[in-house]
Amino acid sequence: MVIEKTADKRTIGITSGNESVLAALVEEGLFASEIDAAKFALAHAIDLEISRGTTEGAGTKWNVGSVDSDGTMKAIIQALYPGEAQPYRLIEHLMNEGLGRLKSEEGLPPDVAGILFKDNLEGVAQDSSS
Amino acid sequence: MLRIKSLTMQDFGAFKGEQKFELPKEEGVTVFYGENMRGKTTLLNAFRFALFGKIIGRGRRSVSFHDMINWEARADGVRSFEVRLALSHAGAEYRLTRTCKPKSGHDAPTGHEDYVADYYLERGGHILPPQQAALEIERILPEQIARFFLFDGELLQEYEDLLYSDTDMGPKISQAIERILGLPTLTKSRDTLKAALDRAETRVALAAQGDQKTREYGNQLQNLVEERTVLTGDLFRHEKDLEDLRARKVAIEDDMRRKQRMATLLEKRDRLTDEVSELQTEITKKQEAITAAMSPAWAAIIVDKLKLTLARHLEREVELQSAATRAQVLHSLSKGHDPECPTCLQTVLKDAQTKIRAHLPDVDAGTEDDRNRELAGVRRQIDAINAQLETTNPQALRLLWSDFEAHRRSIYSKRGEIEEIKKKLTGSSEGEIKGLQREYESNVRQTAALENGIAETNGKLIENAGYRERLQKRLDKLAGGEMDVERRRRDLASTLHDMFNQSVGVYREQLRRRIEADASSYFKRLTTEEDYAGLRINDTYGLTIIHRDGSDIPMRSAGAEHVVALSLVAALQNNAQLRGPIVVDSPFGRLDGGHRARIVETLPEMADQIILLVYEEELPPARAREALKGRLKSEWTLERKSARHTELAQR
Numbered sequence: 137m138v139i140e141k142t143a144d145k146r147t148i149g150i151t152s153g154n155e156s157v158l159a160a161l162v163e164e165g166l167f168a169s170e171i172d173a174a175k176f177a178l179a180h181a182i183d184l185e186i187s188r189g190t191t192e193g194a195g196t197k198w199n200v201g202s203v204d205s206d207g208t209m210k211a212i213i214q215a216l217y218p219g220e221a222q223p224y225r226l227i228e229h230l231m232n233e234g235l236g237r238l239k240s241e242e243g244l245p246p247d248v249a250g251i252l253f254k255d256n257l258e259g260v261a262q263d264s265s266s
Numbered sequence: 000m001l002r003i004k005s006l007t008m009q010d011f012g013a014f015k016g017e018q019k020f021e022l023p024k025e026e027g028v029t030v031f032y033g034e035n036m037r038g039k040t041t042l043l044n045a046f047r048f049a050l051f052g053k054i055i056g057r058g059r060r061s062v063s064f065h066d067m068i069n070w071e072a073r074a075d076g077v078r079s080f081e082v083r084l085a086l087s088h089a090g091a092e093y094r095l096t097r098t099c100k101p102k103s104g105h106d107a108p109t110g111h112e113d114y115v116a117d118y119y120l121e122r123g124g125h126i127l128p129p130q131q132a133a134l135e136i137e138r139i140l141p142e143q144i145a146r147f148f149l150f151d152g153e154l155l156q157e158y159e160d161l162l163y164s165d166t167d168m169g170p171k172i173s174q175a176i177e178r179i180l181g182l183p184t185l186t187k188s189r190d191t192l193k194a195a196l197d198r199a200e201t202r203v204a205l206a207a208q209g210d211q212k213t214r215e216y217g218n219q220l221q222n223l224v225e226e227r228t229v230l231t232g233d234l235f236r237h238e239k240d241l242e243d244l245r246a247r248k249v250a251i252e253d254d255m256r257r258k259q260r261m262a263t264l265l266e267k268r269d270r271l272t273d274e275v276s277e278l279q280t281e282i283t284k285k286q287e288a289i290t291a292a293m294s295p296a297w298a299a300i301i302v303d304k305l306k307l308t309l310a311r312h313l314e315r316e317v318e319l320q321s322a323a324t325r326a327q328v329l330h331s332l333s334k335g336h337d338p339e340c341p342t343c344l345q346t347v348l349k350d351a352q353t354k355i356r357a358h359l360p361d362v363d364a365g366t367e368d369d370r371n372r373e374l375a376g377v378r379r380q381i382d383a384i385n386a387q388l389e390t391t392n393p394q395a396l397r398l399l400w401s402d403f404e405a406h407r408r409s410i411y412s413k414r415g416e417i418e419e420i421k422k423k424l425t426g427s428s429e430g431e432i433k434g435l436q437r438e439y440e441s442n443v444r445q446t447a448a449l450e451n452g453i454a455e456t457n458g459k460l461i462e463n464a465g466y467r468e469r470l471q472k473r474l475d476k477l478a479g480g481e482m483d484v485e486r487r488r489r490d491l492a493s494t495l496h497d498m499f500n501q502s503v504g505v506y507r508e509q510l511r512r513r514i515e516a517d518a519s520s521y522f523k524r525l526t527t528e529e530d531y532a533g534l535r536i537n538d539t540y541g542l543t544i545i546h547r548d549g550s551d552i553p554m555r556s557a558g559a560e561h562v563v564a565l566s567l568v569a570a571l572q573n574n575a576q577l578r579g580p581i582v583v584d585s586p587f588g589r590l591d592g593g594h595r596a597r598i599v600e601t602l603p604e605m606a607d608q609i610i611l612l613v614y615e616e617e618l619p620p621a622r623a624r625e626a627l628k629g630r631l632k633s634e635w636t637l638e639r640k641s642a643r644h645t646e647l648a649q650r
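These protein sequences, in sequence, are chains A and B. For my numbering, add 136 to where a residue sits in the first sequence, where the first one is 1. Each step along the second sequence adds one to the number in my numbering, with nothing skipped, and position 622 is 621.
Careful, some of the hints might be misleading.
Claimed, not checked - Covered stretches of chain B (chain A as the covering partner; in silico rule of three or more C-beta atoms under 8 angstroms from a C-beta of chain A):
#1 282-294
#2 298-306
#3 382-388
#4 394-406
Everything labelled a hint here was simulated from the structure, so no lab data went into it. Source: prediction; values computed, not measured. Heads up, the beta-carbon is just placed ideally off N, CA and C, and yes, glycines get one too.
The shape of chain B in the complex, shown without the other chains (with noise of 0.2 angstroms):
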């Protein structure tokens, strides 16, 4: 049973200077309460720097090193952190201390990469070497199942994945529950009979090959084991090489996560910088568009001024081009060359054109000349304008220009974005997250080569085992001698290796059973909705709810999944090999008042020692204490000094 004794930070996010917390040492309930941004979650992850060296934050992303120290205390020049855990654990007294420092050679740390954090673990006062301190933090709380230790509600969330098989998270959680579980022991004593199975058979084919009878079937069969070896030989070596690279993979996702921001930046910058490029091609086209419009474009400055020298210059022509007419007809008259007067139509008599003779001026010839090239003049004048007029066309110029403008805006705007975004970016970060999304792509295509390799590997070896059995049989025919001891020597191997293997099935069912019963049952007792009849599990741990007629509710509420999730970590800790304390922060999500009532009166029953975060809206302490009675152990609270430093008050 792993129990907490004190928790003392050091400088660690809100926390400024040392701040310490004992717990009771009776079993029950100890609540910190605190208002948002006070630190509770910090205080969570003090518990996971102590363990395991993380520090998680909102979306399970990693939080940087550099911004956990104490802003206060790094004004006045701290530099590092720290976390002390006491724990009891079997008996045994342990101190586990962990600090973060700057790397030597980092005076002035900008980044989480800048630090380094160290522990060591006291086992009865003594200080273990790191090999041994790190084999027993891994046996007194594996990381892989830290999950159901230490959660939030945005953790509990989580478990929905186990209802399906396609996501990354179901099968980590489903594994992460097997080992709370106590499979691997099962699996590895199954997994040590294997390889005496294997044994067993290389000396039945070593004694075969020694019988003049059985020679051809023992060098047989000896060819089939050496096959086997190399075979399991590169399946193991292949299985390592995948698990390297899955948990490659998972840090590398938590190096990608922190780096989200500036990553969010660079694909930005690099959209902008796609957006701009286009905008400039489009710019482009769109200039010489405007450069072809503009060769007649001046006239578009003037063309109020060429509309009315064009009207006085059409009022002229009428002008010149009446008297040009009116000194023609009366010329005629006068002249006798046309009988008729074309107003009156009637005959002009000789007195008439004699009158008229009398009344015309003396127009000589020069006079009409001049009339003429003016009038000549005015009309080309006239033309030129006109066809002036018809090659400008003033709005489609606009247009083609206000469309221009609205591009060469756009693209100031994105490109002082991209300078904007060039200044948030540190030096290096690019080169960094270009590199890790690099390693992430080579990442995923090695996976699913060695996924294809060891699909391959495990065929030839069922191929390879079916060979051998046939050999067996015909070998089990002629037995005699020295042979039948190896014989039943692998006979006895092979039927405990069958026993463990069925027993490892067997098992496993009976586990998935009792969570059934057990997270049922504590489902029953947190959901107010009296018409679930209990949860239903699958193969891989996902928990369905179940309605009284018999049928699955197949889709529910955030609120729902978190009654879920809390049943399968009471079920678990009810059933773990491994017992030990529950610190969770702020539990009750979207849950109702019923709902958290229930669950704080069943959180003593999920485990011995229980720590609970919370704000006092979410379980006032009034009701807390109504709820708990006597297991209430003792209460703090995260008490405010400033924005940025909080202090552990006992209440």
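Chain A with its partners taken away, still in its complex shape (with noise of 0.2 angstroms):
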């Protein structure tokens, strides 16, 4: 079990508390796949500072090669983190950790547009058109 810990991971996966926050990014017909969605929940983790660590129970959704097939995410996470040994445990780490956060008790779709843009919209809008 020790070497599992230490050696970093070949898969990733969502927990199944998150899977129905992941399949309702997914619904709302913004992102062409589950990974992208994925993707979008790390950003904001990373966004939020969410510190190293693991996630426990997150069982296999994809391998690391479709997550990440040139390795780009491994690197930049390595940047970010750095002296990292294990990026693909952190990416999956901060995948549950955005999803996590993405959660809205009253049960609403995930508020993409607000995360993407801290700033609002309306406002954008107005600038492009002047």
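Join the two chains, each given in its own frame, into one complex according to the hints.
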């Protein structure tokens, strides 16, 4: 078991509690795939400065090759979290943490635009039209 | 001469409870003063309702019976209204009572269709059977000519259509004018003589068939006569169908006007639904664009962090690269691989090489490898961050989103409007309106087909008449015996028919000239413009103002239109077979004080009995008394009791 913890993951999973949030994000029609939505959640977690960690009970959903075919994401995680020896484990953790924070207690769909653009969209529209 | 004796209303519009007025027996003017919203137009409608069962609102739209029950009375549970009109005509006394009440089984009526208006007519105190009552009302005041007796400013405005042949209203008014002038009496006589002529021709054909010499011509003539009978029958039937279709068209238009508000709502709902559908298509396209742009969008959230990290990594790359280069140069110098210093380009002597070696730290191969690995790692991360930043365009994404959101807001707003409209639409209104629109379109198609059919039949009849005339001439040459008698009978009928046919034209022309002369005379008295010399009439009784230099005045104002229309109405009254009272609601429209004064002075000459509905500002009582003097017979006020309750009070 200790060996498993020290070696990086070859698969990435989503906890059952976060699956519904992932499904809701895709259902909104704004993401082409669950992987795109999970990456969005990951960025949200990074933005919130979630500290390093691991997520238990995430299971297996994708091979890391499906999520990060060219290793760019791994490199970025290593850049943002210097010295990280298990970037894919951290990626899985951040995806799950991000999804957890996208959950709405009112059962509303996640506010993707609100996260993406912290300022008002209408202001953007007016700026662009002027 | 038709005269109004009294009018009684029961919960009719603003007139709550029973309210009655009697008109003086003498000739003259009765004025009703009422401010806006007191019920002047309702009073005009009370006459219309009593006589024809119709109530007309602004824009010539029919008013729902449901809305005509006095509101306060309706709140008290009243579900009906009634108007009674006492009249005298040709020495007989009439009492016409029309009641509007809910149809059987409609205890809680909600719309016009839930009501029925019944009437009965008493003559000399005896109630007439329904059919006779209908004929009697048609005789006393035909609805077709009611516009010359009951009118308002809006109706006067329609007379301008007489000048234009391409309007629907122009021909209708022309027919009504000929009706009031009595032309149908002559045209009916002409038609009767035409029937007599047809019968005489048939007898000629029969007589010709009875003679050996003329049998062949007689047979041919008989065939033509039979063909004419069939064609005339077809024509009669088609004209009747056309008349029915036109009447139905008027009824449909009436219904459509009544449902105009609902139709407008439906039209708006359909338009909004189409717009929502178009927006939905747009949104789908925009969503696809966003979906494509969202794949690398995750980096947009942390773009600042990525840029900061990139800057640190670039610094670290420089540090590592400098250290590696420095170590490489010193190592090279200490070993004497390079005889010249790369900085000062002087030869490095042996002593100097020894000193450099002494100063060089003990660098093992492992440390150098670590540095190179770190440098490679930093460069890999720099490349990754750069690659991600290149594919992330937050500004473009924001524009896509804001456009998408604007479309979504527009859809929500339009869907909200649609929901509001749906709440206002009553259960069956959509089906009824669509049914009416379908029926209207079908009516227009059928009318066009019938008109074509009638034109074709008329053409065949002309052809038939030509053949018959040629045959008659041949028969005349061979005439003798029984046929001579029939021929003389035919010639007499033909002469009489020709005479009446011509007399219709002559009489119509005389009427037009008389109307033109009378209307001109009234016009000159009514207008304050001295340069206007009179009016010129056209074939359809349209009147054009003539300047004193003889030229036409091509354009005229709404005020001038009013004066021309009043001149026409007055001229028609002068020349009408049927004379009666004039009830006029706010006839002054946009007229100035000078024109108003002249109209008031001339009014008593237009009819023996005039009922004028005005508000005091357009005709102050003092000015009315001064202008009318002894011809002003009584004055009434429409007194406000509440917004929904007006009472009639004699002044």
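Hint check results:
no. : hint    : result
1   : 282-294 : holds (count 6)
2   : 298-306 : holds (count 6)
3   : 382-388 : holds (count 5)
4   : 394-406 : holds (count 8)
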